[in-house]
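2 protein chains.
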Amino acid sequence: MKIIVQKFGGTSVADATRMKAAAKRAVEEYSAGNKVVVVVSAQGKMTDELLEMAYEINNEPSARELDSLLSTGEQMSSALMAMAIHSLGVPAVSFTGRQIGMTTDSIHTKARIVNINGDRILGELTENKIVVVAGYQGVDENDNITTLGRGGSDTSAVALAALLKADMCDIFTDVDGIYTADPRTVPDARRLNKISYDEILELASMGAQVVHVRSIEFAKKYNVPIRVRPSFNNGTGTLICKEVREMENIVVSGATVSKNDAKITLIGVSDEPGQAANIFHELAKEKINVDMIIQNISANGLTDLTFTVDKGDLALALETAKRTKGEIKAKEIVADDKIAKLSVVGIGMRSHCGIAEKMFKTLSDEKINIQMISTSEIKISCIIEEKQAEKALNAVHKAFVLDQEQ
Amino acid sequence: MKIIVQKFGGTSVADATRMKAAAKRAVEEYSAGNKVVVVVSAQGKMTDELLEMAYEINNEPSARELDSLLSTGEQMSSALMAMAIHSLGVPAVSFTGRQIGMTTDSIHTKARIVNINGDRILGELTENKIVVVAGYQGVDENDNITTLGRGGSDTSAVALAALLKADMCDIFTDVDGIYTADPRTVPDARRLNKISYDEILELASMGAQVVHVRSIEFAKKYNVPIRVRPSFNNGTGTLICKEVREMENIVVSGATVSKNDAKITLIGVSDEPGQAANIFHELAKEKINVDMIIQNISANGLTDLTFTVDKGDLALALETAKRTKGEIKAKEIVADDKIAKLSVVGIGMRSHCGIAEKMFKTLSDEKINIQMISTSEIKISCIIEEKQAEKALNAVHKAFVLDQEQ
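The listed protein sequences derive, respectively, from chains A and B. Going by my numbering, the first sequence opens with residue 1, and the numbers climb by one from there. Going by my numbering, the second sequence opens with residue 1, and the numbers climb by one from there.
Bear in mind the hints are in silico, worked out from the structure with no lab data behind them. Any given hint could turn out to be false.
Since the list gives no way to pick out one identical chain from another, each pair is judged satisfied if it fits inside one copy or across any two copies.
Claimed, not checked - Lysine to any residue pairs mimicking SDA-like chemistry, simulated, CA-CA at most 25 Å apart:
| hint | residue 1 | residue 2 |
| --- | --- | --- |
| 1 | Lys20 | Leu50 |
| 2 | Lys129 | Asp15 |
| 3 | Lys24 | Tyr55 |
| 4 | Lys129 | Thr109 |
| 5 | Lys129 | Arg64 |
All chains, full assembly: derive it from the sequences and hints.
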């Protein structure tokens, strides 16, 4: 007997037909002799509709009241899912986040889980019921309803899987699994059978958001195996798990390109200690995240300083830079939001040399200029011109033979 | 400083505009220096939509899951109402039934209130907030969500008013108040300024369902004054309160006609002790409520027995009667669902004679045949032919001068 947690996203429970199909999935695991916990999101566009209702009434709705409002979407889904399972002749019971003792901090709309009291779930599982849980929600210590923010239902599912020491946390979604690159950009992209937490964290934070970063962090911490599976067919999807030896043979697992960054260059900064720190101190005060930083070789005591920020922060970052221009003695400030960040990720990089070289040569062969570079243990990222993004991704995907199983 | 409970029904919170108008009502009481608790129903057709979703998935949905599903409607309204009050610059906080400690028994879809823990409401009122409560819902002792059945939000409001010893429980609705008769049938019908619990109970159970019977019973038990008020204008509505001396001068407060009954006659029943009891015992076993019963004068040891049941129960009642026909030695069974029950209600009847006589004479003058009669301390009902219902109601309304203040 295994314990299986299944999470169904909004599109997988969008209407009666899909709800029933999802229920069938749960019943299949149950009939195979497993204990099954189902975590559901709100149906289809429900969350958006509730938000619209709220903003029609108050353009700055209270976060506490928003949480109470939005949590109803998942509660509805959970009750309907239990009914759908009943219609297949299997006992099931639905619970809200609070009913299963999902306690969070009090940061409304992006609460963090503090504790889960598993007694009630375990009791119902012992009575051979499928337990259906409303995802995305909890209560704080004062019994106020909270929600876990973007991707919150994934986090609920992984947290429950961790609590129950589940054998698997299946995340059903509208894609086949995790790919070596975005298939819309790279026709040759291949579905990965397996990927490590660290790799998916690097890929996810770079825009391949099939599963939310926070739930992966959670899964990594508690070593919960996650399988990202398609809800509309029987594909096996992609297993996300801790690093295993065989993964080290795979040098590069995936490649991705994101267009969420913008670049700011301070030209002719006086090359004195502490000048750079000054501008980053000011940016931090404005809560602007700086991603990559490079400083060119100094000539005549002057240097050029370039850094990237989120596109959404560009205006504020530029304003901040201009405000401190005199202070840091910069001659000129230029910005560029027509850039892309191309990255390759792979645990095998740790033990293999020449990955960076191969990436740079590939881009060079394609006449793609590299503007900035940053590397981590398992990732290499290059900033390039935005319009070359797709060409670059395809070239790198091909160079590392990602279309073929290694 | 007074404590005011305001209840807004589904049409009064159906959309953003109406929600804001309702919020304004609450803020007006608050600004006048009162403590205000607002109880809300689900918006407009929300409950019907949720039911439709449920039945699309399972044609016999579990009562427990239905309660969890349906309770979301009121929870949504309560959060939106709090936001609407915030937009008027007044502090407010919304609560689900459970959050205010509304404990019920475990009879899902028609639970009864067992207890309310007022601590949280009182705490928030002390902090000068308007407290918004999701009506219609509670939790049982095992923390399962329950709902209070039809008219449940009225019951929530009255129960809270009783708990808080509120000075008034305002029930905002889409009618002007309680009328001497249904204005759609009787153009001369007049809005009552005041009516007693007992009278409204008789009127409500006979079809004038502006406020639900159960909440009136609750109000009577705890002596909570209720005012039925229009939500779309500033009308003062009708006060429902305990009997006061002035009411006794008003002989008849209202008249009503209902078409919900059907009549069954057992012809030629052997007039022996216990025969009648037999049929009523069988009907009771089928959970069929029998309303009026008459037995004609016996001739030759035979008698005719007539009784009325709810129209919806007619088929089952007939079947039951036919099954026991031999046993009770009835010659024939005839049914008639083309009947109406005309009633006049008034506390003053207790101390005034001649009311029945006047009613019978009025009907006789109109050539309306009376088929059955039943009386209570404050009510007289006659079964008449259905097609004469409107004529009869108007005649009686006129005979008792109900169109004029007495």
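Status of each hint after checking the structure:
Proximity of Lys20 to Leu50 under the C-alpha cut-off of 25 Å is found in both arrangements, the shortest distances being 24 Å within a copy and 16 Å between copies. Taking the shortest Cα distances, Lys129 and Asp15 sit within 25 Å of each other inside one copy (23 Å), while across copies they are farther apart (39 Å). With identical chains, the CA atoms of Lys24 and Tyr55 are at most 25 Å apart between copies only, with a shortest distance of 18 Å across copies and 37 Å within one. Taking the closest pair of Cα atoms, Lys129 and Thr109 come within 25 Å of each other only across two copies (22 Å); inside a single copy the shortest separation is 31 Å, beyond that limit.
For a Cα distance limit of 25 Å, the shortest separation of Lys129 from Arg64 across copies, 14 Å, qualifies, whereas the shortest one inside one copy, 33 Å, does not.
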